[in-house]
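Take a look at the letters that make up each chain.
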Amino acid sequence: MTAVMPTVLILDDDDAVRESLLYYFEDLGWGVHGAGTAEEALVVARQINPAGVVVDIRLPGMDGCSFILELEKTHPHVACVICTGSPEYQPPDYVLIRPQVFAKIFSKPVSDLGELAESMRQHIMNCNVKAIHD
Amino acid sequence: MKKRQCTYYLLDFKKISSFILLFLFFLILFCSTASAGKTDSKFHILLFNSYHKGYLWSDEITRGVEENLTKDGVVLHVEYMDTKRHFDEGYLSLLSQLLLLKHAKCQYDVVIVSDNSAFEFIKNRGQAIFGNTPIIFCGLNYLTEGDLKGMVQVSGVNEEADLEGNINLIQRLHPQRHNLVVVTDNTITGHKIQQEVGRIQQSLGHDSVGIELVYDVTITELKEKLRSLDNNTSLLFTFFSRDRNGVFLEYDESIATVVENTDVPIYVSWKFSLRDGVVGGYLTDGYGQGQEAAEKVNLILAGTPVSEIPITWKSPNRFCLEYALLKKFNVDFNRIPEDAEILHSPPTFVQEYREQIIKVGIIIGVLILLVFALAYGLIRSTRAEETLRRAENFISNIIDSMPSVLVGVDVEGRVTHWNSRARTATGLSGLQVIGQPLEQAFPRLSTEMAQVQEAMRTREVVLQPRQAHRVDNETCYEDVTVYPLVSNGIEGAVIRLDDVTEKVRLEEMMVQSEKMLSVGGLAAGMAHEINNPLAGMIQTANVMRDRLSNREMPANIRAAEASGIPMSAIYSYMEARGIPKMLDRICESGARAAEIVTNMLQFARKNSSTVSSHDLVSLMDQCLELAGSDYDLKKHFDFRQIKIVKKYQKDLPLIPCEKSKIQQVILNILRNGAEAMQTNPDQTDKEHCFTIEINQRDPGWIRLEIADNGPGMDEATRKRVFEPFFTTKPVDMGTGLGLSVSYFIITENHNGRMNVESTVGEGARFTIELRVGGKNI
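First to last, the sequence lines map onto chains E and U.
Residue 103 in numbering that gives the first Met the number 0 sits at position 104 of the first sequence, and the numbers go up by one each step.
Residue 292 in numbering that gives the first Met the number 0 sits at position 293 of the second sequence, and the numbers go up by one each step.
For the record, the hints were derived by calculation from the structure and aren't laboratory data.
One or more hints might be untrue.
[Stated by the list, open to error] In silico DSS-like pairs for lysine-lysine, Cα to Cα no more than 25 Å straight-line: (1) U/101 x U/70; (2) U/222 x U/191; (3) E/103 x U/660; (4) U/327 x U/224; (5) U/83 x U/70; (6) U/327 x E/103.
[Said to hold, decoys possible] Quick list of simulated restraints, FRET-style, between CB atoms: (7) E/6 x U/646: 52 to 62 Å; (8) E/48 x U/772: 49 to 59 Å; (9) E/15 x U/497: 55 to 65 Å.
Here the structure is a predicted model, which is why all the values come from computation and not from measurement.
Even glycine gets a Cβ: it sits at the ideal position worked out from N, Cα and C.
In isolation and in its complexed conformation, chain E is listed as follows (with noise of 0.2 Å):
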């Protein structure tokens, strides 16, 4: 059961928000990673290649949007979900087009985990069709 549980990379420089994602996603089995800033999840998901990245935006050094991008470029499937503590945040259209990043934007406080963890495990699934046909 754990061989099929895909990894997940957690980037947020909130010490509690990273650790509660980790602890959920490491509850329902996932494999976990963290990152407090943009720079170093690049380094973690180049060593660790996540099935998806949950994504916040405002970072100290380089933002969410950048690390979207820039991750694309060496890891151009994985599902990225965005999770921003700015209400009512719209990414740029060019970061929302991306078919790897995932349509709805999540709002800290995340009062239902169970649906970001959904959302990502589906996101991962479409991402993964789409690197098959790629």
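Based on the hints, put chain U in the right spot on chain E.
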């Protein structure tokens, strides 16, 4: 030696000067006496009468001369020739010597001769006596150019008894009397009259009145003749001074005789013959002769040469008639010449009361003037009043049309003016309050008396802005301004009240709105910072709940086994201690905090909004569905028990709007309505109902009405329902932001309209109007 001589000359000069002074003194003295002598040299005029003093004719001439010599410094000498009594040659010779003597002593400047005897005398002897002294004659009967032959320096006035004028007058006044008797005598003058009558008889011809001339008679014969006259006859008396026997008669004697001896109308030629019993005539009078002569003398004394003064040939005669006798002889007054003088006519009313009439006239005149003056004054004052009244009306209109309450007070605080707004504000008319103390008329202003006194004392305007007072349980605000009335001292003050309630509310609303905007701005900035910790809390709490209570989670089971405690035991413990519920509480509280942040963000003006076209009807239905499953709604009331009446117009156009925002507004209204209906203790048994109408009355607007049948609200609440933080709910039940956020969304974000109508006890009706073309049109 030489020096002494000088002194001598000096002394001599002193003597000479004193002589000169003496000479000047005498010169002045002489001059003054000489000028005094000159004033003494007056004009000496000699009046030489033919007859004697007391002879009426001569006296009349004398009076005419005396009264008409107007030149200053005239001395009139009067001599009487007395020829009625003396006319022999010896007498005349002595008389000429006497005049010569007198003239030698006092040179006459002009000699006036009256009547024929004196004229004849002067004509014969004047040159010898008076030399070339100017001669003025008068009273000369029937003068001819020939009479003046050989005379120089002579002028004068002819005297002509106008017999023809008299005869014409008599014929005119007595047309029924066909005979006329003319009485005269056989003197020189008498002869001339006889000749004249003869001439008139010839010129009149046979058709005229028969004229009989009586002249060569004795007194007795004359009387007999007079007595024999019948009433077909009238009589013209010229004069009769000597009868056939040489008996002399005075003027008045002869005419008296005539009057006494006949009853026919008697006319006379000379004025002196006028007396009782004489009708009158075309009269020659002595006074007129004297007056004419005197005027000629005046001309001579003024420097006119005698030769240039014309002889007055036409005797100055005039008509004179006795009123009583005209009446007696039944004379037709219309036949009387217009210029005739009627003697002793009964005074007319005007003449009789002349003095009184003048007095009354003056009084009436004065009264009329007074009336005119009063009328003028009245007109002026009426006009002035009219102008004043108009001005007053005008000013009163201006004052009444002021949107302010204006109350005038006097020094004692009594009302002097009360405009229409004051009437509206108090319900009292001006008539009721003028003169009343301010406290009584306008109790609210009783606190302002101190300000009024201060304004009057300092003569400066006192302003008290935003004074609060309660009207119908609502706080109203007004600016109170007190203006002192200063003119010739202090006369009072005007209190002006301006209702600024709306202004204050608006300002407050703007302040609130600004607050909201700044809150919104702040929220946008810090939402991220708050949401992250909230996420840490809530998400961690969720994970904790899973780890403590999920008995199937493999990680849980593994950890429990490793700890030596069965998962079911842990679960039981947690349940027993209520841990999952507590964790739920953390989540709920965190969610609420997040919601407040989200709400606060609503006040931020956002440019980027996701506008798309929506069908308002389906949007409304979705909202009703949402409301039915709304977590909060479900918790507090059962939305499904509320009846929904839908009145939707078909085929409405789509509207560009932000769906979620509009939903938020609709849900807010539904929630408020449901709360109002279901929490109202008076209406627990009533069937609750929403009536929802969507239609397009105005082509540019889609209209959405949501009406409930709850308790409604009073006017004060209704007015403030959109104010931020205004709420009628208990403190923990709402923030007072819901409807104001809704209002903000509709009016600011969508450029639409939103309002509410309500009647207490009948519910409230919210109306939202959105533009068909979207917010930018």
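Now for the hints, and whether the structure bears them out:
no., hint, verdict
1, U/101 x U/70, "23 Å, holds"
2, U/222 x U/191, "23 Å, holds"
3, E/103 x U/660, "19 Å, holds"
4, U/327 x U/224, "22 Å, holds"
5, U/83 x U/70, "32 Å, violated"
6, U/327 x E/103, "151 Å, violated"
7, E/6 x U/646: 52 to 62 Å, "58 Å, holds"
8, E/48 x U/772: 49 to 59 Å, "53 Å, holds"
9, E/15 x U/497: 55 to 65 Å, "58 Å, holds"
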